[in-house]
Amino acid sequence: MELILIFLSAAIVNNFVLSYFLGICPFIGVSNKISSAFSMGMATTFVMSITAIVSWLIYNEILLPNNLDFLQYVSFILVIASLVQFVEMVIKKVSQPLYRALGIFLPLITTNCAILGLALFIVLKNYSFLDSIFFGLGAGVGFTIAITLMAGIREELDLADVPPSMKGVPITLITAGLLALAFMGFAGMITI
Amino acid sequence: MANKNTLSYEFVKGLWDQNPILKQVLGTCPTLAVTVSALNGIAMALATTFVLTFSSLIISIVRKIIPNQVRIASYIVIIATFVTIVDYVMKAAFPDLSKALGPYIPLIVVNCIILGRAEAFASKNSPIRSVLDALGMGAGFLLALFILGSIRELLGSRTILGYQILPDFYTPWLVMILPAGAFITLGLLFGLVNLYNLSKESKKKSEIIKQYLEQNQQDKINLAEEN
Amino acid sequence: MKNVIQMLIVLTVIGIISGVSLSEIAIWANPKIAVNRAKETEKAIYRVQPKAKSFKKVDKIDLELYQVFDENNLPIGYAFPYEGNGFQGKIRLIVGLNDSLSVISRVEILEQVETPGLGSKITEESFLKQFIDLLTSPQIEWVKGSPPNKPNEIQTITAATISSKSVVAILNDGINKLKKLKEKGEI
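Chains as they are written, first to last, in our numbering: chain A, 257 to 448; chain B, 243 to 469; chain C, -8 to 178.
So the derived list for chain B, only partly shown, Cβ under 8 Å to chain C, looks like this:
(1) Val312
(2) Ala315
(3) Val319
(4) Tyr330
(5) Ala334
Okay, the calculated bits of chain B under chain A, using three or more residues with CB under 8 Å as the criterion:
(6) 413 to 421
(7) 436 to 450
For the record, the hints were derived by calculation from the structure and aren't laboratory data. Note that the Cβ used here is the ideal one computed from N, Cα and C, for glycine as well.
With the hints as constraints, model all of the structure from the sequences given.
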């Protein structure tokens, strides 16, 4: 039961994008079409889930027992970079059009603060192995929800009469703010 | 217009022309997260500038030795090392600030500004230029964070840098301290920057059109005189 | 082949330099970080037990607990840091108790991430002073919307009910654990 709560907390109540400001770059960059937003979300969720597992293992099985705590950031980011490289290769082989659609944003998953943030939170909150898996999945799903919602709104915004100075990044950020305001309604539903 | 090749331009361009946040839209995660107060914004900017400057320096020095295929991995290790140093120094010497900035210090590792500058500049330029570039970008980052932090702190807690500016009867806008306020304020800030740029562009355009019309008039007069 | 060797050498050298410099920094920083933490705990202990002149950590138990003494080195009670879940995240507090765990001397909130302006009011004196000389038996209770009328009761903050209730829940949970240890004679 608690695992479901961790999942829901990461996905909705404490959404990585709208509550913790993680993953803003792709959030602004890839959210102009629902299809590419959703694919980006899926790719990120995949990387996040595996990152959760691998970083938990590295931290608790290698770094801690050997007093190598200070190598935390270096090892995490190297793991993430390699994972993204791997996912990129797989997508290239499996679906060329998807690869082209995601373009430059695939390698940019590496610098997605949400992924490193995920690994750091797992260490901070002292989650167990099982906790971490559900946390990673929840965070990814939450990111996907946020970015897809955003894409849906932006597709409508394209047809609206936005003042020229606000087109693009400004109106996206303001919309994100309103989304964040809406998601605040979930606060306190799950206290984890 | 500053000569784009002088050393001083390498520094100055980071302040406005190529301001990492306001022009290049990089590093938005920490910008939104830590600007609940001007002081936190300044601290974050200083920490980021430290990492940016030293990473750029080292990467520029060794840029010719690192083989192409492993350059991203090398840059990442170098950046992560400096971030770890900053994190430990802050925890040891400035524990209150360290707690206030929380997990966003280690997130400097994935701050797109640093890897972006390393890839776009430090890997292709001399150490001196790279350091100036880094310092300029850092200064621009500091400027943007200070402005955003001050606005949010002023409207959300009546103070700037801890000094109360607005009178007591002003009810603080709590939303400014919350994520929603951060998004909206930054969005409006970007909008303002765009407004300024667009008006500059339209001024230039009307200048050109005016000149064209004047020239046209002049040509007509000349033609009439000839006939 | 030469390229591969060069890659490996470069990566290894960078790795070694990084590892060595980081371990040096850690060796320099870790003692200072520990000192910082100890200083913070000490400040908190004296804030909840203002009459205390010295304190000592209680060993051999699972919880973090400090016993405090007066100027004649007689035990006058405990300072107990404890944490639990609040409305938005973790709340970490410290509570001062008398020797028999029946009366609270004071409560201080150490860490919280509650809603600014609402839940964060649990750090304000108007809320915390209710806990001074509060009785803990059978447990601490809360009432909403009207002043407390029992010696073990406090009033929740308007519009911050959940945060206030969380503080009470955390206190009850921690104090109950201490009471069990006292029954077993471990403290």
